[in-house]
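Protein chains in written order, with this note's numbering: chain A, 1 to 400; chain B, 1 to 456.
These aren't lab readings, by the way, just hints derived from the structure by calculation.
Backbone N, C-alpha and C fix where the C-beta goes; we use that ideal spot for every residue, glycine too.
A hint or two may mislead.
Mimicking PhoX-like on lysine-lysine, the simulated pairs with C-alpha atoms at most 20 Å apart in a straight line are [to be verified]:
| no. | chain 1 | residue 1 | chain 2 | residue 2 |
| --- | --- | --- | --- | --- |
| 1 | A | Lys2 | B | Lys437 |
| 2 | B | Lys442 | B | Lys413 |
| 3 | B | Lys35 | B | Lys291 |
| 4 | A | Lys43 | B | Lys380 |
| 5 | B | Lys453 | B | Lys413 |
| 6 | B | Lys258 | A | Lys125 |
| 7 | B | Lys28 | B | Lys96 |
| 8 | B | Lys237 | A | Lys400 |
| 9 | B | Lys437 | A | Lys43 |
| 10 | B | Lys437 | B | Lys349 |
| 11 | B | Lys453 | B | Lys409 |
| 12 | B | Lys45 | B | Lys28 |
| 13 | A | Lys12 | B | Lys335 |
| 14 | B | Lys100 | B | Lys28 |
| 15 | B | Lys89 | B | Lys453 |
| 16 | A | Lys43 | B | Lys335 |
| 17 | B | Lys442 | A | Lys43 |
| 18 | B | Lys96 | B | Lys55 |
| 19 | B | Lys122 | B | Lys258 |
| 20 | B | Lys335 | A | Lys10 |
Here are a few chain B residues that face chain A, going by a calculated C-beta distance under 8 Å [to be verified]:
| no. | residue |
| --- | --- |
| 21 | Val301 |
| 22 | Met347 |
| 23 | Ser351 |
| 24 | Ser355 |
| 25 | Ala382 |
| 26 | Ser386 |
| 27 | Gly418 |
| 28 | Leu451 |
| 29 | Glu454 |
Listed here are the chains, written in short residue letters.
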Amino acid sequence: MKALRNFLDKVKPNFEKDGKLKAFRSLFDGFETFLFVPNTVSKSGVHIHDSIDSKRVMSMVVIALIPALLFGMYNVGYQNYLAAGTLESASFFQIFFYGFLAVLPKIVVSYVVGLGIEFTVAQWKNEEIQEGFLVSGMLIPLIVPIECPIWIIAVATAFAVIFAKEVFGGTGYNIFNVALITRAFLFFSYPTKMSGDQVWVAKESIFGFGNDLANGTVDGYTGATALGQAATGSATLTDAVGSNLSISDMIFGLYPGSIGETSVIAIAIGAIILLVSGIANWRTMISVFVGGAVTAYVFNSIGSADNQVWNLCPCQHILLGGFCFGAVFMATDPVTSPRTNGGKYIFGFLIGFFAIVIRCMNPGYPEGMMLAILLMNVFAPLIDHCFKQRNINRRLNRVK
Amino acid sequence: MAEAIKIKKGLDIKLKGKAGETFKGELKPEAFSVKPSDFHGMTPKMIVKEGDEVKVGSPLFYDKANPELKFVSPCSGIVEEVKRGERRKVLEVRLKSDGKFESVPFDKAAPAQMSAEEVKSKLLNAGFFAFFKQRPYDVVVNPNEQPRDIFISAFDSNPLAPSYDYALRDFAEELQLGVDAISKLTNGKVYITVSTANSSSNFLKIKGAKVEICNITGPHPAGNVGVQIHHIAPINKGDVVWTINPYDVVTIGKAFKKGAIDFSKLVALTGSSVSESALGYYLTYPGAELKNILNLSESNVRVISGNVLTGCSVGMDGFLGALAQQVTVIPEGDKNDEFLGWIMPRMNKFSTSRSYFSWLTDLINSKKEYVADTNVNGGKRAFIMSGEYDKVMPMDILPEFLVKAIMAKDIDKMEQLGIYEVAPEDFALCEYVCTSKIETQKIVREGLDFLRKELA
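Looking at chain A on its own, in the form it has when it is part of the complex (with noise of 0.2 Å):
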C-alpha cells in the first residue's frame, strides 16, 4: 500500500491548480480518498469526529443490495431456461451466468452514465465527488425489467441525475429519489419497455449462455408478472411457465418481475443489513408494511367481482411485485423522506395505504409503489413542517 500512496503523492501535483491535469481534479481527489481515508484534521468546533462518513454509509446500502442482486441474477437465468423448458438439463452455474451477463450491461450503463454526470458535475462546481449515486446506480437496474433496453436506461438515468438531483444541488438536495425517477421516467416515456408481458423475461442467448425465445421455436410460456396477471382480470395468479404461484414461491421469488425486487428473501436479508447497522430506519420500513397490510386488508374485506387485484390477500400484495423492495429500499431514502422521528411513521404509512389504492384503483398501473413514493417525497417537507410546528407551539406555550 505504501507504494500506491507514494504513487498518487507523486502524481498529485499534475491535478492541483496549476497542474496540467487540473481538469480531472475532482476525479483524482475521488480515487484518492476512495483508496485512502483523507488526512484532513478538524479545524474548528470539537476536536475529535466520529468514524463515520457517507462513504461507509453509500458503501453499507450497496452491500445491502447484493443478496437482492444475485438472486435476480439468478432469476433471470431461471425464467428464462424455465420458458425454453430447458430447466432440468441447466446447471446452476449456466443459470446464473447467463443471469449475470444478462443483468452487467446494465449495471455498467447505469454507474457509466451516472457517475460520468457526477464526476462532471463536481469537476465543474469544484467540490469533491458526493458518493450518493453509488446506490442509485445500484438501484436503477434492479427496479427495471430485464429486456429493458440498455441504451433507454442510459437516457433515463442522464435525465433523473440531472434533472432530479444536480440541478437541485446534488447528493443531500435532491426532493424525489433518483432512481425512482429513472423508473418514472422510463415508465412514462418507454411504457411498452416496461410493462406488459413482453418484458420480464430475457429472451436472447448471450455467449452460448441461454436459450433464443424470440425466434418462435418456443412457445407456452406467459411473461406476465403477477400482478399484470391480476390487473388483466386474472383470477389465478401463475409463474412464466403456468403453474400457481402459492405464497411459498412468493417469497422465494422465482417469477417473473423486476431484476431485484421478486425474492422477499433476498430484501429481507438486505434490510437486516440496513436495520442493524442502522443506517435505514425502521420507523419508516415497519410503517410501509402496515400501512399496505391495513389499506389491501380494507380493499380485500369489500372484494371486487371485476377486478381481481381487490381480492389479493395483504399478504399477496406485501409479497409481490416492488412493494418489498421499495419500502426497505427506496421508502428509507434518508434524503427525501421526512427528517422528524414523527413524520416517518406518517410518511411510510401513507405510502404503504398509496401503493395499494393505486394498484386496486388504477388497472393501467398495475404497480403503484413507483408513484406512491415519488407522492410522498413530494409530501415530506409538509410533514416535517407540522412537526416542526408543534415544536414551536410547545415553546410558544410555555410563556403563557
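With chain A held as given, fit chain B onto it using these hints.
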C-alpha cells in the same frame, strides 16, 4: 431536593487518557497570556501598556460596551507584550510573572451580610464578572442587567473531564462564600445541579435562601449547563440567565475568605498522548504556559485547552485558557493514510454507527477505551442522514432544523426553534456524530452572533 432529571439521549465517548485523582505538582511558569477571545462577545480596550507592572487582579483591559466589565491579570509581574492583529484588534496580553502572585487588595468580608450593591462592586473591581456567561447568546454578561436566575453545573460530563468533586474537595467553605456572593446578583434563584451519581459532594452542603440544588442523571451532555437550564427553568424570549463554573465560584469565595485574589486551580492533564505517569491534576493558574507539564509520549499531537469537544487548540507552546479546567492532548490525524478505510471493519474505531463494530465490542467489554485522533474521518457533505442529532440532543429542540434556520439566517425560525436556549457547546455532540461532517458549533456560534447584532 427535587426529583432527579433523567435524560436518555446523549453519548459518553470513552477515550483513553483519563486523569486519575492524583495531585502531580504545581505549575508556576514565567510566561502568562490572557486572550480576549476567551471571553466571547466583548471588544477589548487596553488599560495597561507594555512594561507596566501588574498584580494579581490588576485590570488589563475592559469591555468597550460595558467599561465596568474588567478583565484582570492572573499573576503579578510585568506586561511583556500586547499582541494585536488586523485593525489593531487585541489578540493577547503577554505577562511575565515574578513568581510571587501578589494580589491587589480585596477586603475580607462575609458576602451574606453585605448589600447587593456592595457585593457587585467588589466583584466588578476584582474582575470576577468575567467568569459569568449570559444566555441567550453565550457571551459575557452585562453587569447592569439583573439575570432571572443563575445556574451552576456542579459536574463536567465531557470526555475525560476533571472531577469537580476531587478538584474542589478542600473548598467547601469557599464554595459557600462564593454562592453567597453570587446570590446577591439575582432576585431569582441560584440553581446548582449535581450528578445523581455523587451523593457525598461538597455541593450538597451549600445553603442559602435562593439556592436550589437539582440533580440530573444520564450520559453527556447531562453536565452541560444548557441542558440543565432547559429542564429546570427554560429560557424564553426576553429572559436572561447567567451561568458560572464552580471553579470560579471557589475563586470568588477564596477572595472573600482570604482577603486576596488567588486564581490558582487544579487543572486536569488528560488525553491519550500524555504519558501515563503525567496524567493527573496540577495546581496552576489561568493563562499559564503549559510547556512544562506536557510530558508527551509522541510528537505529532494537538494540545487542547479544555476538552476534545469544545476546547481550543493552543499548540505545543500554548497557554491554558482563562476559563479552562482541563488540558487534553490527543494525536493529530494528518498522517494516517489508511487504505480503503470506508469499507474495512476497523475494529479499533469508535463510532455511534453500528456499521462499525464498536457497539459489539462494547457489549463484551464495556470498559474499553478508544484512542481518537483529530482526523475528520470523511469529507464534508450536505445533510444526508436524518435523526442523528436528535439522538444526542437531550432537549426539546429540533437540532437539525435549528441549524438549517441559522444557515438560512431566518431570524423568526431561529427564535421559534429555540436558539435562545442553546450555546455552541450544546451542539458539540451533534458535530461529533455528524456523518456529513457539518461544523455545527461554528454555525450555531455564527447564528448567535448574528442574532445578537441584529437585535441589538
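How the hints compare with the structure:
no.	hint	in the structure
1	A:Lys2 with B:Lys437	violated, 28 Å
2	B:Lys442 with B:Lys413	holds, 18 Å
3	B:Lys35 with B:Lys291	holds, 17 Å
4	A:Lys43 with B:Lys380	holds, 13 Å
5	B:Lys453 with B:Lys413	holds, 17 Å
6	B:Lys258 with A:Lys125	violated, 64 Å
7	B:Lys28 with B:Lys96	holds, 11 Å
8	B:Lys237 with A:Lys400	holds, 12 Å
9	B:Lys437 with A:Lys43	holds, 12 Å
10	B:Lys437 with B:Lys349	holds, 17 Å
11	B:Lys453 with B:Lys409	holds, 12 Å
12	B:Lys45 with B:Lys28	violated, 28 Å
13	A:Lys12 with B:Lys335	holds, 16 Å
14	B:Lys100 with B:Lys28	holds, 10 Å
15	B:Lys89 with B:Lys453	holds, 19 Å
16	A:Lys43 with B:Lys335	holds, 16 Å
17	B:Lys442 with A:Lys43	holds, 10 Å
18	B:Lys96 with B:Lys55	holds, 11 Å
19	B:Lys122 with B:Lys258	holds, 14 Å
20	B:Lys335 with A:Lys10	holds, 16 Å
21	Val301	violated, 11 Å
22	Met347	violated, 11 Å
23	Ser351	holds, 4 Å
24	Ser355	holds, 4 Å
25	Ala382	holds, 3 Å
26	Ser386	holds, 4 Å
27	Gly418	holds, 6 Å
28	Leu451	violated, 16 Å
29	Glu454	violated, 20 Å
Checked against the numbered hints listed earlier, the structure breaks hints 1, 6, 12, 21, 22, 28 and 29; every other hint is satisfied.
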